[in-house]
Amino acid sequence: MALNIDSLTASQIASGIAAGDFTATEVAHASLDAIEARDGAVKAFLQVSPELALDAAAHIDAARAAGEALPPLAGVPLAIKDNMNLVGTRTTCASRMLENYESVYTATCVERMLQAGCLPMGKANMDEFAFGSSTESSAFHRTNNPWDTERVPGGSSGGSAAAVAAGEVALSLGSDTGGSIRQPASLCGVVGLKPTYGAVSRYGVVAFGSSLDQVGPFGRTVEDVALAMNALVGAGHDPYDCTSQDCPVDFLEHLEDSIEGKRVGIIPSFMEAEGLTLEVKQAVERAAHELEAQGAKLVEVDLPHLDAAIAAYYVIGPAEAFSNLARFDGIRYGYQEEGCANLTDQSSLSRAHGFGAEAKRRQMLGAYLLSSGVYDKYYYAAQKARTLITQDYNRAYEQVDTILMPASPRTAFKFGEISDPTQMYLSDLYTISINICGNGGISVPLGLGGDTHLPVSAQLVGPAFKDRQLLTFARALERGIAGGMSVAPDFAGKGGEL
Amino acid sequence: MKELSEVLQDWEAVIGLEIHTELTALDTKMFCNCKLSHDDEPNANVCPVCLGLPGALPVPNKKAIESIVKAGLATNCEIQKHSMFYRKHYFYPDMAKNFQTTQGPVAFAMYGHLDLDVTGQGAAERPDCAFGAAEAESLASASANAEGLSTFMTSQMREGNQRAGHLASYDASNMQMPERRADGCYTVPIRILRIHMEEDAAKMVHVGGAEGRITAAAESLVDYNRCGTPLIELVTEPDLRTPEEARLFMEKLRRIFVTLGISDCSMEKGSMRCDGNVSLRRRGETKLGTKTELKNLNSFKSLHDGLAYEICRQAEVLEEGGIIYQETRHWEPSRKRTVVMRVKETADDYRLFPDPDLAPFDLNDAFIENCREQIPELPDAKRARFEADFGIKAADAEQIAGDPAYADFFEKAAAGTSGKEAQTVANLLVNELVGYLKSAGTALDESGIAPVQVAALAKLLASDAISSNQAHEVFELMAQTGDDPNKIVDERGMRQVSDTGALQPIVDEVLANCADQAQQYRDGNQKVLGFLVGQCMKASRGKGNPKLFNELLRASLS
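So the protein lines, in turn, are chains F and V.
To convert, note that position 311 of the first sequence is 310 in numbering that gives the first Met the number 0; the numbers rise steadily by one, no gaps.
To convert, note that position 349 of the second sequence is 348 in numbering that gives the first Met the number 0; the numbers rise steadily by one, no gaps.
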């Protein structure tokens with residue numbers, strides 16, 4: 000029986016190539032075939048880059064033929080969120096504004112994945128400039144959840160999550176500003192890690208909220224995510240990002256460690272929050288029992304300022320977005336309105352017609368929040384809240400090693416189901432505070448929910464730069480409950496034969 | 000319009016300066032590794048960072064931070080260990096990100112001062128009524144006027160300004176007020192509110208319009224080579240009272256920055272630029288008048304003349320019952336007037352907030368001390384030393400000490416000398432060398448003139464071996480040929496004769512030939528002596544010592 004690419008983990012692909020079971024070029028073709036067969040229904044990709052993928056594969060095959068040692072992710076198909084620069088592709092941020100913008104340099108995170116041997120299969124769909132939780136704000140098309148194509152994949156890294164869940168690629172990169180990796184990972188039933196702020200370089204990733212953005216990997220297993228983390232942080236501090244830090248750890252090293260004696264925090268108010276569905280709540284409780292069964296101790300923790308997280312986020316995020324997106328003025332590159340009489344009209348109309356509704360909403364909000372007289376009232380207050388929330392978490396981590404909570408309050412919702420932006424913002428209820436304090440968080444799939452029969456998950460969050468420990472807890476859950484999540488059944492095995 | 004001197008009798012001019020200096024001595028830009036050079040082909044020195052391309056991030060240039068710390072230390076500022084970069088938003092095609100990265104309420108250097116020696120004729124610009132106790136009141140009421148910094152007026156800014164009040168040395172009531180000395184000169188302290196770090200914008204070139212201005216231009220081209228150039232902006236308190244003080248402050252600051260080696264400080268090339276804020280109030284009034292901001296003050300003369308014109312213009316408007324609008328005005332040196340550039344009806348809202356891509360700074364003592372150790376002897380100290388050690392005139396000492404190249408040259412040429420010979424070296428530098436380099440259009444270090452040559456020439460001159468007229472000739476020859484002055488003098492037989500035994504026969508001969516003139520002198524016409532000295536010089540073919548001829552003639556005729 001033929002082997003399908005989607006049945007292999009990233010580490011199995013790399014070791015298979017190293018062993019000579021198949022070539023990187025065969026893997027590239029298998030991934031391209033899977034994309035061809037599945038992406039018409041999933042629409043995870045904005046661009047597929049066969050030349051780049053096959054070229055990278057040829058290099059790996061040549062290296063192997065020459066007897067060279069292969070890098071750890073040699074030949075692993077990778078999808079890249081379309082806010083990350085890669086020379087040879089357009090980087091559109093799913094916006095009309097950058098529809099034809101061709102990258103002139105490659106983002107450090109992408110470069111490092113390619114250095115580790117990944118094959119760049121293409122650029123994944125997203126909410127426009129990462130503003131959203133459903134990928135519905137993409138200017139080009141929606142992405143369908145592989146588990147139910149009538150439903151959203153989550154967002155903003157919806158394409159990256161869906162490509163992995165549909166088995167088109169083994170790994171993908173996303174970015175997480177308020178939950179944009181963890182929430183779509185939850186909705187698509189894959190593993191998604193937002194590392195601690197500063198762990199992964201942001202150089203070359205089109206900024207949304209500079210103090211909140213962090214790049215991280217999606218994979219179908221915790222081990223694959225660990226491998227990707229090694230690639231992303233292994234080379235250490237990026238001289239092109241002065242907020243990036245050295246994290247000299249091997250993420251595989253303690254993956255199989257026992258969690259016996261570890262303390263797992265539970266925030267009682269989070270488990271009773273409005274909007275949390277019963278099936279998600281039950282899944283998280285099941286995870287708690289599993290961790291307890293493996294010898295961990297459950298501890299209730301109190302984070303009194305957590306209520307302020309969403310409000311603080313919707314001040315800091317839009318303020319930074321307003322600033323970061325100011326450069327898109329239709330002068331040097333990007334969408335340019337034609338036939339304008341003067342510079343002001345050209346810039347105003349290019350922005351009016353180049354940006355979608357949510358991008359305009361956030362920028363206008365940010366422009367207001369930073370204006371004189373208003374700044375003190377909101378921005379300054381939000382920064383104070385940020386400090387208080389960070390202190391809350393730091394205090395909690397004196398008592399516990401990790402905190403267990405939902406990643407998303409519910410399973411995947413239908414397209415158009417949430418039309419009120421403020422309701423959409425609540426999708427990130429459980430993820431936002433982690434970006435506020437800059438710590439790491441991971442969404443771990445826990446099978447299907449009892450009511451909707453769609454993927455449910457739990458989120459584990461931890462102290463700054465203790466992301467490796469998060470992977471150990473995630474692996475414990477994976478071992479005990481999910482056993483490594485499978486590809487969405489409607490797509491498994493379709494195209495992609497090796 | 001009235002003359003400045005008349006206006007300043009009735010009106011007090013309150014002047015503050017904002018001085019931008021490009022750190023041209025650095026190799027790379029402020030936030031990227033692009034080469035710092037404006038002379039290359041347009042847009043040759045650019046990268047994703049300075050072009051503001053999507054995804055690019057800034058990384059601060061450590062050497063630029065060292066430069067601003069040195070600038071702060073050299074101007075008696077407090078170095079602020081904790082400061083941040085901020086983003087200042089406005090839209091213009093020369094700014095790739097549509098925000099400028101600059102500093103917020105806290106700058107790297109704050110609360111400094113320079114003591115300004117106001118000498119020469121310009122000292123008369125400050126009227127006698129503006130000294131002593133009257134000036135103390137004026138300063139107290141004008142200071143802490145943060146109008147020019149309205150862009151920073153967040154609550155943090157106000158906290159920052161309040162901090163100024165806690166600094167005793169920065170409090171107007173503790174400052175030494177200027178007193179006019181017998182020679183008309185005075186010394187006045189000028190406070191420096193802050194020196195902050197920022198990045199320069201790109202350069203716009205307007206093609207096809209008149210005078211290269213944007214109005215009516217067919218095309219506007221942008222050269223991003225300049226974009227991201229490290230720039231330091233110094234903001235003074237409104238402590239200056241005359242255009243001459245403003246000019247002298249700028250000169251003094253330029254000498255300090257040049258000595259620090261942080262910039263070439265060329266006003267002509269625009270690497271040092273100055274905006275002047277000026278308002279008038281009646282003498283004795285405590286409330287400040289409405290200020291205007293002057294641009295295009297791109298030479299020391301423009302700085303003086305532009306401010307002088309604007310003061311007179313404001314006085315005329317006010318005396319005719321008119322109103323001064325808060326506006327930016329452009330100095331037109333060719334027409335000697337200022338014209339309105341733009342009217343500020345409301346304060347611009349730059350939406351300043353801390354740059355989230357750049358972590359707050361936490362400068363440690365070792366870093367600051369390292370910067371302090373790199374500071375060479377500053378012009379004031381050097382001037383004092385030149386006066387004390389070499390005994391040269393104050394004005395010459397100031398001029399020479401203000402330029403590191405000249406100062407170094409002087410120290411080598413005057414080594415081991417003092418008094419007359421050292422002053423002769425100074426004279427040769429100030430008169431001959433400066434003039435020669437200017438006419439030759441070359442720089443000191445490229446001229447090939449060595450200190451040892453000037454030292455030898457000074458020795459010849461100081462020992463009366465040659466006359467000052469001959470010295471000029473020898474200097475030119477020396478500069479052109481690179482020869483030793485002694486060789487030039489010997490080869491051309493220029494050595495001056497100071498032997499009375501050799502000169503007396505010439506005097507006797509001249510007196511014999513010019514009996515009429517000799518008689519006129521004896522009859523009381525002193526002027527004719529010059530003619531007789533000239534005849535002696537002619538007879539000696541220029542080699543006789545004119546002073547000795549003078550003495551010998553007087554003796555012979557008495």
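Errors might be hidden in some of the hints.
In the DSBU-like style, the derived pairs of lysine-lysine whose C-alpha atoms are separated by at most 35 Å in a straight line are [unchecked claim]:
1) V:K61 - V:K1
2) F:K359 - V:K537
3) V:K300 - V:K1
4) V:K202 - V:K286
5) V:K202 - V:K294
6) F:K383 - V:K61
7) V:K300 - V:K62
8) V:K392 - V:K542
9) V:K335 - V:K458
10) V:K1 - V:K80
11) F:K383 - V:K419
12) V:K251 - V:K300
13) V:K411 - V:K61
14) V:K294 - F:K465
15) V:K392 - V:K411
16) V:K537 - V:K419
17) V:K286 - V:K392
18) V:K286 - V:K437
19) F:K465 - V:K61
20) F:K383 - V:K392
21) F:K376 - V:K286
22) V:K392 - V:K251
23) V:K411 - V:K542
24) F:K376 - V:K80
Hints listed in this document are in silico derivations from the structure and should not be mistaken for laboratory results.
Evaluated hints:
1. Restraint check for K61 (chain V) and K1 (chain V): not satisfied, since their Cα atoms lie roughly 51 Å apart, outside the 35 Å limit.
2. A distance of roughly 90 Å separates the Cα atoms of K359 (chain F) and K537 (chain V); the hinted pair therefore is violated under the 35 Å criterion.
3. In summary, the hint linking K300 (chain V) to K1 (chain V) is supported, as the alpha carbons are separated by about 20 Å, within the 35 Å threshold.
4. This hinted pair does not check out: K202 (chain V) and K286 (chain V) have alpha carbons roughly 39 Å apart, beyond 35 Å.
5. Proposed proximity of K202 (chain V) and K294 (chain V) is supported: the alpha carbons are some 17 Å apart, at most 35 Å.
6. Distance check on the hinted pair: K383 (chain F) and K61 (chain V) sit about 30 Å apart at the alpha-carbon level, within 35 Å; holds.
7. A threshold of 35 Å between alpha carbons decides the hint, and for K300 (chain V) with K62 (chain V) the separation of about 32 Å falls inside it, so the pair holds.
8. Of the pairs offered as hints, the one joining K392 (chain V) and K542 (chain V) holds, with about 29 Å between alpha carbons and a cut-off of 35 Å not exceeded.
9. For the hint pairing K335 (chain V) with K458 (chain V), the CA-to-CA distance comes to about 47 Å; that exceeds 35 Å, so the pair is violated.
10. Proposed proximity of K1 (chain V) and K80 (chain V) is contradicted: the alpha carbons are some 49 Å apart, above 35 Å.
11. Annotation: proposed proximity of K383 (chain F) to K419 (chain V) is violated, straight-line Cα distance about 69 Å (limit 35 Å).
12. For the suggested pair K251 (chain V) and K300 (chain V), the alpha carbons sit about 14 Å apart, so the restraint of at most 35 Å is met.
13. Simply put, K411 (chain V) and K61 (chain V) have alpha-carbon atoms about 34 Å apart, close enough for the 35 Å limit, and the pair holds.
14. Between K294 (chain V) and K465 (chain F) the CA atoms are separated by roughly 54 Å; this puts the pair beyond 35 Å, and the hint is violated.
15. Taken as a hint, the K392 (chain V) and K411 (chain V) pair is honoured in the structure, with Cα atoms around 18 Å apart against an allowance of 35 Å.
16. Taken as a hint, the K537 (chain V) and K419 (chain V) pair is honoured in the structure, with Cα atoms around 28 Å apart against an allowance of 35 Å.
17. For the proposed pair K286 (chain V) and K392 (chain V), the alpha carbon gap of about 43 Å is over 35 Å, so the pair is violated.
18. Distance restraint check for K286 (chain V) and K437 (chain V): the Cα-Cα separation of roughly 47 Å exceeds the 35 Å cut-off, and the hinted pair is therefore not satisfied.
19. This hinted pair checks out: K465 (chain F) and K61 (chain V) have alpha carbons roughly 30 Å apart, not beyond 35 Å.
20. Under the criterion of a C-alpha separation no larger than 35 Å, the hint pairing K383 (chain F) with K392 (chain V) is inconsistent with the structure, at around 60 Å.
21. At roughly 31 Å between alpha-carbon atoms, K376 (chain F) and K286 (chain V) fall within 35 Å of each other, so this suggested pair holds.
22. Between K392 (chain V) and K251 (chain V) the alpha-carbon distance is near 18 Å, which keeps this suggested pair within the 35 Å criterion.
23. With a CA separation close to 29 Å, the supplied pair K411 (chain V) and K542 (chain V) stays within the 35 Å bound.
24. Annotation: proposed proximity of K376 (chain F) to K80 (chain V) holds, straight-line Cα distance about 27 Å (limit 35 Å).
Hints 1, 2, 4, 9, 10, 11, 14, 17, 18 and 20 from the list above are not met by this structure, while the remaining hints are.
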